[in-house]
Amino acid sequence: MSYLKSKFHHPKLAKNDLGLTYRDYEGALSTLCAGCGHDAVGAALVQACFELSLEPHKVAKLSGIGCSSKAPTYFLGKSHGFNTVHGRMPSVATGASMANRSLKYVGMSGDGDTASIGMGQFAHVVRRRLDMTYIVANNGVYGLTKGQTAATADKGSHTKKGEEILWSAIDLPTMALQLGATFVARSFSGDKDQLVPLLKAALCHEGFAFIDVLSPCVTFNNHATSTRSYDYVREHVEAGNIADFVPSREEITTKYAEGESKDICLHDGSLIRLHKGKDGYDPTDRFAAINAIEQHRIKGEILTGLLYCDPTLRDMHDFLGTTETPLNTLDEKTLCPGNHALAGINNSFR
Amino acid sequence: MKPTNTSDPSHFHKVVDCQYACPAHTPVPEYIRLILARRYTDSYMVNWEANVFPGVLGRVCDRPCEPACRRQRVEEKPVAICRLKRVAADNKEEIKDRLPIIPTKKNGKKIALIGGGPASLTVARDLMPLGYECTIFERDAQAGGMMRTQIPSFRLPLTTLDSEVDVVLDMGVERRFKGDVTSMKAVMDEGFDAIFVGTGAPSGRPLKMDGLEEAGDHVEIGINWLAGVTFGHIKKAPKRVVVLGGGNTAMDCTRTARRLGAQEVKAIVRSSYDEMKSSEWEREDAMAENVEIIPNHTPLRYVVEDGKFIGVEFDRVKTHWEKGKRKLISTGEAPVLVECDLVLVAIGQDASFPWIERNLGIDFDDWGMPVLNKDTLQSSHEKVFFGGDAAFGPENIITAVAHGHIAAGSIDRFLNKEKDVNAVPVGEYSLTSQKMGIHEWSYQSAVSNDPRNTVPVMNLEEALANIDAEVELGFDEKLALSEAARCLSCDVQTVFLGERCIECVACEDICPMDCINFIPNGDEDDLRARLRVPAIGNDRDIYVSGELKSRKIMVKDEDVCLHCGLCAERCPTGAWDMQKFLFKATQIEVA
Numbered sequence: 001m002s003y004l005k006s007k008f009h010h011p012k013l014a015k016n017d018l019g020l021t022y023r024d025y026e027g028a029l030s031t032l033c034a035g036c037g038h039d040a041v042g043a044a045l046v047q048a049c050f051e052l053s054l055e056p057h058k059v060a061k062l063s064g065i066g067c068s069s070k071a072p073t074y075f076l077g078k079s080h081g082f083n084t085v086h087g088r089m090p091s092v093a094t095g096a097s098m099a100n101r102s103l104k105y106v107g108m109s110g111d112g113d114t115a116s117i118g119m120g121q122f123a124h125v126v127r128r129r130l131d132m133t134y135i136v137a138n139n140g141v142y143g144l145t146k147g148q149t150a151a152t153a154d155k156g157s158h159t160k161k162g163e164e165i166l167w168s169a170i171d172l173p174t175m176a177l178q179l180g181a182t183f184v185a186r187s188f189s190g191d192k193d194q195l196v197p198l199l200k201a202a203l204c205h206e207g208f209a210f211i212d213v214l215s216p217c218v219t220f221n222n223h224a225t226s227t228r229s230y231d232y233v234r235e236h237v238e239a240g241n242i243a244d245f246v247p248s249r250e251e252i253t254t255k256y257a258e259g260e261s262k263d264i265c266l267h268d269g270s271l272i273r274l275h276k277g278k279d280g281y282d283p284t285d286r287f288a289a290i291n292a293i294e295q296h297r298i299k300g301e302i303l304t305g306l307l308y309c310d311p312t313l314r315d316m317h318d319f320l321g322t323t324e325t326p327l328n329t330l331d332e333k334t335l336c337p338g339n340h341a342l343a344g345i346n347n348s349f350r
Numbered sequence: 001m002k003p004t005n006t007s008d009p010s011h012f013h014k015v016v017d018c019q020y021a022c023p024a025h026t027p028v029p030e031y032i033r034l035i036l037a038r039r040y041t042d043s044y045m046v047n048w049e050a051n052v053f054p055g056v057l058g059r060v061c062d063r064p065c066e067p068a069c070r071r072q073r074v075e076e077k078p079v080a081i082c083r084l085k086r087v088a089a090d091n092k093e094e095i096k097d098r099l100p101i102i103p104t105k106k107n108g109k110k111i112a113l114i115g116g117g118p119a120s121l122t123v124a125r126d127l128m129p130l131g132y133e134c135t136i137f138e139r140d141a142q143a144g145g146m147m148r149t150q151i152p153s154f155r156l157p158l159t160t161l162d163s164e165v166d167v168v169l170d171m172g173v174e175r176r177f178k179g180d181v182t183s184m185k186a187v188m189d190e191g192f193d194a195i196f197v198g199t200g201a202p203s204g205r206p207l208k209m210d211g212l213e214e215a216g217d218h219v220e221i222g223i224n225w226l227a228g229v230t231f232g233h234i235k236k237a238p239k240r241v242v243v244l245g246g247g248n249t250a251m252d253c254t255r256t257a258r259r260l261g262a263q264e265v266k267a268i269v270r271s272s273y274d275e276m277k278s279s280e281w282e283r284e285d286a287m288a289e290n291v292e293i294i295p296n297h298t299p300l301r302y303v304v305e306d307g308k309f310i311g312v313e314f315d316r317v318k319t320h321w322e323k324g325k326r327k328l329i330s331t332g333e334a335p336v337l338v339e340c341d342l343v344l345v346a347i348g349q350d351a352s353f354p355w356i357e358r359n360l361g362i363d364f365d366d367w368g369m370p371v372l373n374k375d376t377l378q379s380s381h382e383k384v385f386f387g388g389d390a391a392f393g394p395e396n397i398i399t400a401v402a403h404g405h406i407a408a409g410s411i412d413r414f415l416n417k418e419k420d421v422n423a424v425p426v427g428e429y430s431l432t433s434q435k436m437g438i439h440e441w442s443y444q445s446a447v448s449n450d451p452r453n454t455v456p457v458m459n460l461e462e463a464l465a466n467i468d469a470e471v472e473l474g475f476d477e478k479l480a481l482s483e484a485a486r487c488l489s490c491d492v493q494t495v496f497l498g499e500r501c502i503e504c505v506a507c508e509d510i511c512p513m514d515c516i517n518f519i520p521n522g523d524e525d526d527l528r529a530r531l532r533v534p535a536i537g538n539d540r541d542i543y544v545s546g547e548l549k550s551r552k553i554m555v556k557d558e559d560v561c562l563h564c565g566l567c568a569e570r571c572p573t574g575a576w577d578m579q580k581f582l583f584k585a586t587q588i589e590v591a
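If you're matching them up, the sequences are chains X and U in order.
Numbering (full-length UniProt numbering) for the first sequence: 1 to 350.
Numbering (full-length UniProt numbering) for the second sequence: 1 to 591.
Bound conformation, chain X alone (with noise of 0.2 angstroms):
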């Protein structure tokens, strides 16, 4: 029986500026179902996270319900971790990045924990630019209560018992964008070449940065008349923009001819640069970015990659004035900056 990972690793295993390796960034053995796409997703975490160096304790990861949301459990095993409600991460996220902007805050959600049950917490966690990670592990399917259609999953495609979906898709990317998210993405659990770079890049954008990735659910939904199988996302993604991060510390030396590259440069001194796919757009427009997804979608196919990115646009910190201090580790000096200041509030009421 094996519910144990063995903790030997090979003995040439990289290590980060932190002196750690991956496995370092891992957590518990998945009880995912074998061959989940969440599973896949935890691990293009962990590498993200292993590459950016990032402090585990520097980091929190929520979740909300569902098998995408008790997912944090297996990645980041030394990381601060909240699973809270059904579709209410959003506002307990919230409330932690209010009292300590010093993490990174990564939300991991589903298709149901967003686009259903969670949809108005969605649309304002979005809307105020929270400044987090928000990763949909989207399969199109309720796995957990055992494979009813969500809310994502393609009209006229089948369930697992052959049932036609009658409804619309929400397409959350589109969704994020039109609600003003600064960073929108779309990957492939399959495609950790893609993924990885799109979460650091993620990680390092400062501001709401959605990225919905397709996580197929092999036990049901990976069937010939469903379009969120292996399969049938293999097929038919179309990659945009490709997407390669490049560190702030990092020299650029790959060199691409003018109009085929472009670099989006992030707060903290990171590049993303981007290279054209075949219907390469600019990823700065947000207009043009919610055409691409729909003219897309209109093909049959699904569009991948850094679908656009505006770093110059305030986050909800920016817009509130927080104090970059975490509240903990505020004294008291501060907290109660005495009669003096007092009177100086009220002085400027009169």
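Warning: the hint list may mix true and false statements.
Said to hold, decoys possible - List time: in silico BS3-like cross-link candidates among lysine-lysine, alpha-carbon distance up to 25 angstroms:
1) X:K7 to U:K478
2) U:K549 to X:K299
3) U:K580 to X:K5
4) U:K435 to X:K5
5) U:K77 to X:K7
Calculated directly from the structure, the hints in this document are not laboratory data.
Starting from the structure of chain X, add chain U where the hints point.
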């Protein structure tokens, strides 16, 4: 790269490092698994089938398997494979009813086996069940060869040796003991259908230096001295003994001298400590008995003054490597005199064949060694075969056993008109799925974190007082089970069926050792460089699948795979399976 051909056993055979390194290809993980199940007799028979002398080898094997053990690459120290073999031998029950049946009606073919050591005994073991009539010619009164004469009984008790030698002799082998063979022609004239020469390397190399003659019996050849001890001719050693040489025989000399009363025993070698020929553990065992090892000393002369033997003079040297060749360069310091009463020379030994007439059609090379077909061990005379140290010079017991198997197979094919002596079979193998349930395998898939267990030994005083007392006590059951659990079961192979793979990459994510990769194809060097952890600097074959749906291929670096089975447990489609690869180099019917 082309996909790995898994229908050819060579890929999986190499993955089982220990078995591949064993000259006789003993199915090591299989017998360790049986120990873990406390099936000692079964474990013993798996060994006996492959290596004929499990009780002997479980004590004194050179263990080429252990440096090959994967455990050494993923943890620190190899599984104590050799000493687990002894556990099987020590705890076995009666085996008589499991031994092959010897036909009463013989096939009419007579085989002469010259020399009664491990090589000849193995040939007899393999041929007797097939109906051959075997005759062993042995100089001494008992069979066993160097296992009896050169290995001290405190390492290998006579009861162990006798019982395993007797199993072979009791198959009905004709014994012509206590008589030197002085003429090959005479043997040939007796009309044997085939002759196997397994006479070992019985001549110890002398060290001719100034003062040798004057030193007289203060200088002896190590293996002759050890044989003298075995046969009771030598019962005492003087106080101070110097052993020249750094091999295993040298170590045996030092430890035997300690038991015969020597108090200051020094093994003095030309090489550096790390380059000594002896196995590391044999050096450690000697040092544990207060034997001093002095490296980097080249002997200059035996010192005899006024007719009195004083000792040996040495030059101090440094090892210098030039174009892969070792050179010992004098440090220029003054020579050192090491005073002693007895010098044992253990600097090597040779096979020699003064009894084989050179006009019989048996060719010898410039070094006096027989010219052989390496695959069949047949000499230039079609009826004559060689094996053991007599074939290519001194090796070890397990190599002699391996030669015995090869020669027996060759002799059998040679004497069967419908078979071709040169058609050497590769051996038989089977691949069997170990799957019992979702998280359940019929082998121990969980990886033990236990460090290597040390074999308990007798206290030093007691050990030195009795030359026949076996110094190693062997693992008790608790230690044996802990040690057996350390085996990674490398024979349980990760078998990949590409046509079932949906490329969810769950196996790539779960693999604790980062062995599995899904990448675009390329040539081998290119693939090796593009793995999650590049497989550069290990010469192990990589396991490559055919093209998958996404046009990528699966590449597995077999080097550090733990055979934990997680890839197969994580696979939703059964594209990975854990299958036991049981490879047998010898075919013998054992119940």
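Hint check results:
no. : hint             : verdict
1   : X:K7 to U:K478   : holds (24 angstroms)
2   : U:K549 to X:K299 : holds (22 angstroms)
3   : U:K580 to X:K5   : holds (21 angstroms)
4   : U:K435 to X:K5   : holds (18 angstroms)
5   : U:K77 to X:K7    : holds (16 angstroms)
Every hint, counting from the list given before, is met by this structure.
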